[in-house]
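Peer 1: Starting from the known structure of chain H, arrange chain W with the ligands on it as the hints suggest.
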Amino acid sequence: MLGLNSKDQKLFLVVIVVTLLAPFILNPFPENSELAQFNAGYPDLMQRFAIFGIFAIGFNILFGLTGYLSFGHAAFLGVGSYAGVWMLKLLSMNVVPAIIMSVIFAGLFSLLVGFVSLRRSGIYFSILTLAFAQMSFALAYSVLTPITNGETGLQLALDDPRILGVSQIDGSIPPTNFFGLEMRDGFELALGPWVFTLNFGYYLCAVFVLGAFYLSMRIFNSPFGMMLRAIKTNQTRLPYTGMNPKPYTLAAFVISGMYAGLAGGLMVAMDPLAGAERMQWTASGEVVLMTILGGAGTLLGPLLGAGVIKYFENIFSKINDTILYEWFSFMPDGLQDVFVFLIHPFIGKGWHLTLGIMFMLVVIFLPGGVVEGGQRFMRLFKRGDKGSKSSGDAARSASPAE
Amino acid sequence: MGILEISGVNKRFGGLKALDDVNLDIAAGTVHAIIGPNGAGKSTLLNCLVGRLEPDSGSVSFNGHSLLGVKAHQINQFGVSRVFQTPEIFGDLTLLENVMIPAFTKRDGAFKLNAWPSVDGESEVRDQALFYLEEVNLAGKAQVRADEMSRGDKRRLELAMCLIQDPKLLLLDEPTAGMSRADTNDTIDLLKKIGEEFNITKVIIEHDMHVVFSLAKKVSVMAQGTVIVEGAPNEIKGDERVQEAYLGGAHL
Ligand SMILES: Nc1ncnc2c1ncn2[C@@H]1O[C@H](COP(=O)(O)OP(=O)(O)OP(=O)(O)O)[C@@H](O)[C@H]1O
Ligand SMILES: [Mg+2]
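Residue numbers (numbering that gives the first Met the number 0), protein chains in the order written: chain H, 0 to 401; chain W, 0 to 251.
Isolated chain W, as found in the complex:
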């Protein structure tokens, strides 16, 4: 039984069928990649899992609980964290503050009127935040404003913000999009390291086959809103339908 079960999910945007009867089962403890050409519906699917979009029909359940109609912050409180395709961070705050915020919400819940104690006094949370910044190699920049960082650093920051919550399921939307080869390899190494240190089930949406084959145990290929093929990376590689979906499969 999977930690995340998606069955018969449909989602329309006006006349466009962005998701068309998607079925997917994510096994606990694995790294599951979802690949597919632009516009295949990968991000839409992810948004349906985290409460950003509501599927038109179908069911999504996490650890046996249905996620339909559940608010985004509650889904996160269940233990589902995500990184965005374009990094979403708190640009005006320092890196340390960025990472402390999810630590507070993990500790205090979705709302707590914690207005009297000082953040300076929360040494436990701060140490924890510094630890996770260290994990993603950003400890040296703890006091820098998040907006002042490179795209790659922002992605790593977002990752730290997810990891500090100790999630059961981590959803990564194209963690290497727009990165140079070297940065991509760094990210792969980082994700591998994290995979060894923390036992978190991961779903990775990715364009880059190199990343997929380095990290994933299982791959689902999406095209035009449906999952067309599923299997181990090696099986996927040679599949004709996949080649076709990628228009000649230049990058396979």
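One chain only, chain H, in its complex shape:
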């Protein structure tokens, strides 16, 4: 079915169910309970899960399959964002043309960057992509101010022309919509003490992330995907099997650039503004972390990595000392202070530290990322029928990066 083998079909089915039920799954704690702060089922964060999931899935097609480590992919996301906002300004508040333009512009830009950067491999390739991204950032920040609105970022304004729509409704900017369905709209569903938010914006992102995931599965299982994995494994052999590696890596680069553009387009569809900081090297580094943390070269890894990092960024960063004191309130005073003192550096603004440690632990002990962790965990339970379904998996989830 769907051109997938039975194992991938199951995986896809699980991803579909989890994605569609995310507003429920991510809100396990009742609204007024103390643990409610760990709920991630609010629209803004769920949209980010999906959007960065798409970004990482695309990045993984380049990095996970070919092993080419780009440090500049945020530039494509940024270009996509700017293109998207311009479509919203000039054409219509319907997000569809904005998203399409985002993908096209990011694709064209990645074609240019890829063409130049792929003249080198290894660290030199990474440096070239980094240089391109920093250049784009600098351009967006200053030189191209007429297009990007520089420091302030590109926003909608009350006097936007918007040929196929209206500039303003009752003195305010109209909301982004999908053929009339407003992205910020949705339902609130209260079930006893639980409150779930079903947001249209999230569900649009969900449809795209599922499409993006499906396409990446097709690519992974195709002859094209096999060629990309061959590139990662042995560059010396390739030309002597009659294959020209250049267009293959370039195609992978452009595809992943278009994924980044789609992510950028969805970002502005949810929240119509674009800033230069989206292109900064930290943003490029983040998608690398996501992919490696989840498991480079695996199907599910990038999605998981994006989820973990965005969860930390949004949830861990909100925990502060007051909350900690509440948690440890059952302890005697002195001990309470000690515990809060010990944990303090890892929460709130210190979430980066937690993430860094987690990243190191994963790279050292689980080079295959969260996915490898999961596989090992499953194997503990399935000792009985060991070995039977090994090789295909092993090849796919093999060593992350040089």
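Since the hints were derived computationally from the structure, they do not count as laboratory data.
Across the chosen pairs, the derived CB separations fall in these ranges:
| hint | chain 1 | residue 1 | chain 2 | residue 2 | range |
| --- | --- | --- | --- | --- | --- |
| 1 | W | 188 | H | 134 | 53 to 63 Å |
| 2 | W | 149 | H | 313 | 50 to 60 Å |
| 3 | W | 177 | H | 374 | 27 to 37 Å |
| 4 | H | 313 | W | 112 | 34 to 44 Å |
| 5 | W | 53 | H | 134 | 27 to 37 Å |
| 6 | W | 198 | H | 19 | 52 to 62 Å |
Since we're looking at a predicted model, the values are computed, not measured. Glycine included, every Cβ here is placed at the ideal spot set by N, Cα and C.
Peer 2: Okay, now just chain W with the ligands, sitting in the frame of chain H:
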């Protein structure tokens, strides 16, 4: 007229003259051995034929087409395959995938954005790959990762990767280097069998005289970047210059 004609090829590495006016004519349908001591320039010559190195001067032509300045993958698409002195395979992929890749490039050319269909659906290519794995006695390990195999198995795998392309010319760089006697004999038998089944012109670079005399119809001896003697194996055996090149000729 030879299928491969090499004339006046020179190649320098800095001050070292690795190839010095090499002339060689490989007749179609033969097994031609190139022998010579370490550093004679054999691998360098082979690399000049497949687009890995560009000769400083001279000409190389295959079936009447010049190979100078032609990209390695194009030369392969013309029908020239090679095995490396140390096996070059796709270590992270399974043996089956290793052999399917050259089958795809043979069918689809140097590049095709074949990203939608599934490899599982390509039963024709897979059957073909299994057939060639069978030919080199590796069918049982089709699902094993290539890196997990012995050196000898890797060489046989590389051979299968070449054979599946149905090349017109096959270049083998020391196919038995570092092998035990028994493995060497297996390889000789395998190459003989392949020679009977497929009509492929072969150039074999070899140290081991036993291999050369078992397989080759014609032998060229290289020393210090030039071909010093050429002839049938029997003529070569007794030649003084060859003995000399091999420093007393202990292994002749
Ligand atoms: N890329 C290179 N750069 C510099 N020198 C090289 C290079 N490749 C080969 N050489 C030198 O050229 C000479 C010929 O090397 P080549 O590998 O062709 O010898 P060979 O006949 O294949 O020897 P062997 O039997 O050891 O494989 C050697 O002296 C070698 O050191
Ligand atoms: Mg050599």
